[in-house]
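These are the residues of each chain, in order.
2 protein chains.
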Amino acid sequence: MKELPIRIRLEKESGKTLYEQLYEYIREEIRTGSLLPDERLPSARFLSDSLQVSRTTVDMAYGQLVAEGYLTAKPKSGYFVNATEGQYNTGMTAEREKARQVPKEEESAFRYDFSPTAIDMTHFPYATWKKITKNILVDAKSRMFALGEPQGDEELRTTICRYLHGSRGVNCEPAQIVIGAGNDFLLLLLEKLLGRHVPVAMENPTYTRAYRIFRSFAYPISLIPMDEKGICIDRLRESGAQVAYVMPSRQYPTGISMPIGRRMELLGWAAEAEGRYLIEDDYDSEFRYKGRPLPSLQASDSQGRVIYLGTFSKAIAPAIRVSYMVLPYPLLEKYRSECSFISSTVSRIDQTILNEFIRDGYFERYLNKMRKVYRTKHDLLLGEVRGWEKDFAVSGENAGLHILLTDKRGRDEESLVRAAQKADVRVYGMSAFRMTVTGSTEKLTNEVKIAEERKGKNSPATVILGYGSLSETEIREGIERLKKAWR
Amino acid sequence: MKELPIRIRLEKESGKTLYEQLYEYIREEIRTGSLLPDERLPSARFLSDSLQVSRTTVDMAYGQLVAEGYLTAKPKSGYFVNATEGQYNTGMTAEREKARQVPKEEESAFRYDFSPTAIDMTHFPYATWKKITKNILVDAKSRMFALGEPQGDEELRTTICRYLHGSRGVNCEPAQIVIGAGNDFLLLLLEKLLGRHVPVAMENPTYTRAYRIFRSFAYPISLIPMDEKGICIDRLRESGAQVAYVMPSRQYPTGISMPIGRRMELLGWAAEAEGRYLIEDDYDSEFRYKGRPLPSLQASDSQGRVIYLGTFSKAIAPAIRVSYMVLPYPLLEKYRSECSFISSTVSRIDQTILNEFIRDGYFERYLNKMRKVYRTKHDLLLGEVRGWEKDFAVSGENAGLHILLTDKRGRDEESLVRAAQKADVRVYGMSAFRMTVTGSTEKLTNEVKIAEERKGKNSPATVILGYGSLSETEIREGIERLKKAWR
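Listed in order, the protein sequences are those of chains A and B. Be aware that the first sequence starts at 6, since it is given in the numbering used here, and climbs by one per residue. Be aware that the second sequence starts at 6, since it is given in the numbering used here, and climbs by one per residue.
None of these hints come from the bench; they were simulated from the model. Any given hint might turn out to be false.
Identical chains blur together in the list; that is why a pair holds if it fits in one copy or across any two.
To be verified - The calculated DSSO-like cross-link candidates involving lysine-lysine, where the alpha carbons are at most 30 Å apart (straight line), are:
#: 1; residue 1: Lys21; residue 2: Lys197
#: 2; residue 1: Lys319; residue 2: Lys382
#: 3; residue 1: Lys234; residue 2: Lys79
#: 4; residue 1: Lys21; residue 2: Lys295
#: 5; residue 1: Lys197; residue 2: Lys374
#: 6; residue 1: Lys79; residue 2: Lys295
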């Protein structure tokens, strides 16, 4: 046993309690290695006598050290120093070691990655963004650093409202718009408005992220098959869903644009029963190469059944964590009474920058630029796959940033994807977007049935080729390789 | 009936479908008032004949106009123009009118507002913040505008980890930290990790916003009374709660700092059963005027039962929408497997600015500055209420940005608050923070019982005086007025 007590000087006037001083002293001794693992400390009684402090003081110090993992108390034999790593070593090492590494976003290991979600950021007007930011910060005083309205600042809501009306025919007031840091957050908020255990219907295949979010809500999910016009209304009706999550402008990943007739049927379904809603995710409406875009579904909604959801992450930059939703009036009321205490997730500075970027026309100019850029890539890609008609049917080519190739020769998806990978090209199989259900506590028999039906050995293999982030040369070379790989 | 069809020129080569042209034409006629409310339109058959288009084209155009609220279809008599406001007028006007106004944050109507949440932003280093922002944007290219890691960027997590270890004794790895845009968002995320219907215990009185969040989770809430050391462990144990939300460093609003003994009991409670957790909201640990601050509760947690929650909104600026939570390993595993697909709510740019602000020592300098500023205000306020001992007991004066005055003369809270208001001074009654439960579907009998017990006619009136945002002159003058008002 070390001559520990002798060296401690406890000072009554130090501003620290005696307990704290003792606790800190011993902790330092352990940390610096002056007290070694498995070494026994003086008994509490002995120490309190030696130091002329109360027994409670010593007990508290030892107690804290035990609680923090520096010491172990062994009944009837005393206090012992734990292994050198101190509090980092309390029996959870393996677990910790595993969790220590934050999983990184998978970086593409392939030379040519036809990712359907990647975008081209080379034309982003960085200089403009910087200029706006700088100007805003010059004027910024405390107002800018204060907490804004929970729904988002009125200026930005008004700007978004105008933009949506002009470009997507959305009919709303700025008061109906709720701004949030990303679609995921807005969906979390929406869960609070829609309520618990709401049966939700989704198109199948669908957007994987949205599916996972609804799963995390523990919403019973019905996966509804699609035909060439989009979601099958009969199947939707059968599903008993109360809310349907749809992408009418350009369904992801099928690229189907829902025609007006089907839209009317869908709105009709929503109007059939109290409390039914359609969540319209208009994620990708900015880029269209053929035909005039239909306005949003919300534009045709006279009954207040559409929750319109959009984001600037795709049209501007992923780092711009600004999404918005347009709430129909009944839900807006509910938001006001139950959720508007939740603080805005977007800083006023960021809202102001974005507002000026849109309001002053930079956004439109950038969109126009990107429409040309993507159109060039789109035309190039379509040109490159011309002549593949015998092997593949091309679809989804009128809009967005990806096309779909559906096999005509009876090959399976996996072999197509693998053959591409061998040629250092990544393409994406449709089956990843066809949802199945596993390990849920909900009654999902119907869901599973439908999922399996759709997972389909029956339906021909489809692969997805995104071209947003690829250069023209990369598209050309990538397709050249695919041509050989899939010969 | 108007000579409508004659004037329409449908062009097959216009790039718009015939349906679209027809739809747009009629819509314009209605919008501009060429077609008047209640006017009947030509029958679909007549119109298709006159225009030499298919019946479907006309039906679709009419259908869309009905759906958008421009027309009403009356069975067997035809289509009629709706009232002039078109789609803005579909029977929801009153509701819309009401919802149109976004409720503004209540601005203080009082000359002297002793708000316990307001902070002093006059010393914020705006110039530094701007400089950092500018430098970051100079280097920023696409990397900065890309989407970062869902948990937050590693640099910032590492910086926060160091800061928390140094200032609060928090023991964690950067991998355990999840960054989010505000505590509210992090609590929404936490709900997904903790699960549904988790019985949660809160101190009473407590932080109103957290209470509302837990209510929105539909968690059964037990409100646990406090004694002078904080939450009563016996009552906590009786409550059957699985999770307890606590503020050990400085309970809001009581200002109670939980001593080490009670902390050990609390950690003991958490360790008693599988799946129990303590949410430590360390919202206000930066400002302390007397005595050395105890380290965080998390620092004493050897069992991985504490979820540590903190924010920069208070210590830096409300607009800095950056909060963080430290997850114990079992919850971290769950986060990884179930929630890490949820995108980060804080942009990389904002994360980078904050990281440099802390890493390069500006944050510490600012905190030191603010400690002095608040200490001066604190000492002044305490000096001003010296001599009030006969009327009030002062508490919560060792830390934070508010003190509490508890009446000794049997006056009730409302009369104290009102008397202050008559003198144009706003003070805050404690009862607003004592929670009661109304209109819930949960079994809350015990909760109501406790709430009523605490709402207490028995306990003496307590008012809260915050001084964070008031100038020294305002504090002096405000107290002068209170002195007269409460004579």
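For each hint, the structure was consulted:
{"no.": "1", "hint": "Lys21 to Lys197", "verdict": "neither (47 Å within a copy, 41 Å between copies)"}
{"no.": "2", "hint": "Lys319 to Lys382", "verdict": "within (17 Å within a copy, 48 Å between copies)"}
{"no.": "3", "hint": "Lys234 to Lys79", "verdict": "between (72 Å within a copy, 28 Å between copies)"}
{"no.": "4", "hint": "Lys21 to Lys295", "verdict": "between (75 Å within a copy, 10 Å between copies)"}
{"no.": "5", "hint": "Lys197 to Lys374", "verdict": "neither (39 Å within a copy, 41 Å between copies)"}
{"no.": "6", "hint": "Lys79 to Lys295", "verdict": "neither (78 Å within a copy, 36 Å between copies)"}
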